[in-house]
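Student: For reference, the chains in residue letters:
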Amino acid sequence: MKSRLVIALLSTTLLLAGNAAAEDLVFTSWGGTTQDAQKTYWADAFTAESNIAVTQDGPTDYGKIKAMVEAGNVTWDVVDVEGDYAVQAGNAGLLEKLDFSVIDKTKLDPRFVTDYSVGSFYYSFVIGCNKDAVEACPKTWADLFDTQKFPGKRTFYKWSAPGVIEAALLADGVAADKLYPLDLDRAFRKLDTIKADIVWWDSGAQSQQLLASAEAPFGSFWNGRLTALAETGVTVETSWTNNITAADSLVVPKGAKNKDAAMKFIAQATSDQAQAQFATATGYAPINLDASTLMDAELRSSLPDMQADTQVNADMGYWAEHRDEIGTRWYAWQAK
Amino acid sequence: MLLDFDKLGGLRTALIALVALVCLFLILPIVFIAALSFGSSQWLIFPPPSWTFRWYQDLFADPRWLYSALTSLKIAAIVTVLSVVIGFLAALGLNRGRFPGRDFLRALFLTPMILPVVVLAVALYALFLKLGLAGTTLAFIIAHLLIALPFSIISIGNALEGFDRSVEDAAILCGASPWEARLRVTVPAVSHGIFGAAVFSFLASWDEVVLAIFMASPTLQTLPVKIWSTLRQDLTPVIAAASTLLIAFTILLMIVAALFRKGRKA
Amino acid sequence: MAVTVATGAVKTKREGTFGYLLPALLLIAFFFIVPVLMLLVRSVLEPEPGLQNYAVLLGSTTYLRVFLNTFMVAGVVTLVSIVIGYPVAWLLAIMPERWSRIVLAIIILSMWTNLLARTYAWMVLLQRTGVVNKTLMGLGLIDQPLALVNNLVGVTIGMTYIMLPFVILPLMGVIRAIDPAILRAAALCGAGRLQCFWRVLLPLSLPGIAAGALMVFVMSLGYFVTPALLGGTANMMLAELVAQFVQSLVNWGMGGAAALVLLVVTLALYAVQLRYFNPARGT
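Protein chains in written order, with full-length UniProt numbering: chain A, 1 to 336; chain B, 1 to 266; chain C, 1 to 283.
Quick caveat, the hints were computed from the structure, so don't treat them as lab data. Backbone N, C-alpha and C define an ideal beta-carbon position, used for all residues, glycine too. Careful, some of the hints might be misleading.
Unchecked claim - If you anchor each label on the Cβ, the simulated ranges turn out as follows:
{"#": "1", "chain 1": "C", "residue 1": "Met38", "chain 2": "A", "residue 2": "Thr106", "range": "38 to 48 Å"}
{"#": "2", "chain 1": "C", "residue 1": "Asn151", "chain 2": "B", "residue 2": "Phe5", "range": "37 to 47 Å"}
{"#": "3", "chain 1": "C", "residue 1": "Thr135", "chain 2": "A", "residue 2": "Asp146", "range": "30 to 40 Å"}
{"#": "4", "chain 1": "C", "residue 1": "Gly59", "chain 2": "B", "residue 2": "Ala17", "range": "33 to 43 Å"}
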């Protein structure tokens, strides 16, 4: 009898719960100061212009995207994802094609435009160093991989993504224009030489904590995180030599409920104005080619797009194609 | 004599020393968190350059902290009640029943504890999307109930093992209905098990983050989700401030409970 | 199914036992078995039908290491928790209430503090430049900072911290329920302290130890936030591997396979435990 009551209760609650109907546009990103800026300069501006409210969600989760698309119940309309994932997910049929009659792609950095995605912002992996903690700072990737000249712990991005493998190959003497296809054997051999001295960071905040506390006095960082760290009073030296760029992308999951509004949102978010304001606030670079003219000259000098001399562009197409293979090998190597 | 505090002799000193050390171990990170919440270093450097209330101001300036704490409290309270009731019934059934497959059932009931939570999270998320339940309070409750229930079954089951069934039977012989006997004899007798079940169930929900990340929606966030995303993104000592307030609140509750007990005795 | 109860003086009716299990059973069936089965089906269907996911998983030394590591970490944490937790529970069970209340308050306080915050606190405390190392060096006990984090030591400290209350609280209840007269009788019969402990107190609290150990072991197997933050990548545990497959690599086939292996091994261990260490059996 008890159990019948439970069933009755359960089925009523099931009926009552129904669908969480959200007519607002849902924008999903990684949280933190980055998403705060995206909210202020993209979403709020979009709402003011179009009268469509934007709900913020996060953090981005690829497992969630896949589950939503497969279940045919997609609650995210626009998602900020990593560039190589965008290419791969587009090919895997998880994304909507973007409507380039709404989004003006002629002004967008072509490095980050595909049928399914446009850039969101871009950043560089640079060499950061806590000047108060050590006598000399590594200037090149080769320095960072040299434990004789620069003894001590160094920190790198934990997850499988463009950046560390390229850095290892550059440190091993591979020419910047000969990186792709990646020589994985060589990269892992190089990484083996410093493995015992690596502390991995798994979130931007952790990388800052490691550097500030001198737990790892140098390493490879997202440039925006170093800018923010310097603002809090830590003496940070940044080396832009062979900075490795990678981008985040904006995508629309397949079956998104507010597809048309999503396209308009992306058009707004990638406009020169929105991109310039976002870049000013975060220290990441704009992907709209006109945006830098709207920005403060001094500020621009701290952005990756002013560091193009020795810049290396991570090849998103290559990464998208080999994402799974590299990832599997990467995590297996880490666990060894 | 091993169970008599006053007759332990030298052993007593050794045991007290150990307990003191364990207490120190347990309290060290808590004190550290409290200290960090007043430190001026955003990067958790200790000792900090100076002291500040800034993180508390930040905490109160963002209503999402309070809101997520209330959400957590609500969900954890419902989960606790359901977990204890369902867990008590299940433990009773496992304890009293003599049917084939009983051990298998017992093992089955505990599997949600073993399975990596992330698997359960993904699997449940996919199911809730199909049912249209994703992002609702009900989804949260079901998910947390699944991982809370094993604690109840273990804790209450343990207590029932040590309970002499004939006491309940005696009550029935004296004229009580089976349920009356259970409520008035068995439940009080296993109250320490029920208390343990309630504490563990509450914490299983209150402190759970992996399932919560999947079950959360923009408008429905628990405290651990808020802490998790803040930790990963900004690592601000606001987290330490929030934790410190919770600790202070807990201490306050304990003092009130102690005073209440004293008042009743007098 | 024969459900007659012979142990008690009063025989309860059939509805008595199985009906109690129904709510829990329904919950587990709908919201655990169904979704997990759906995921496990994927492990043999993705990327193509077959058992290749299992072949990869069980054929690779890396993944086998992760399996071994998982059980080793869980074992170490269980052992340390019991060895430390038992004496604490023992003293708590017999010490004057005004003292035990304070210790209990500390235990509950530690549990009430957010798990992530505690884990992060440990991470910062145990760093090479952290408070623990600085203090030890300041006291002149060590010259070089000890590696206390990003290795097995860090995982053990962090997880023992979380698991201790789960051992102490149930064990305290069990020891409190032991009749002191039995120990007095043993002492009267000439048993020494050590004998009293090994032959009487320990065996009597064994059910509590077994239950606590099982709970801690099983919980440790599925943990991943703490090992991920306090362990090095070489201390990876299965749950973290599963999370990687599911979230970073979006490979649910492999994720499901790894989860199933963990589930089967654990259930097998559990069955062994029930068969050989369950005093309630065979009544």
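Student: Now look at each hint and say whether the structure bears it out.
Tutor: Results of checking the hints against the structure:
1. Met38 (chain C) and Thr106 (chain A) have their C-beta atoms about 45 Å apart, which keeps the hinted 38 to 48 Å range intact.
2. For Asn151 (chain C) paired with Phe5 (chain B), a C-beta distance near 39 Å keeps the hint of 37 to 47 Å intact.
3. One distance hint, 30 to 40 Å for the beta-carbon pair Thr135 (chain C) and Asp146 (chain A), holds here, with the actual separation near 33 Å.
4. Between Gly59 (chain C) and Ala17 (chain B) the C-beta distance comes to about 50 Å, which lies outside the given range of 33 to 43 Å.
Checked against the numbered hints above, the structure breaks only hint 4 and satisfies the rest.
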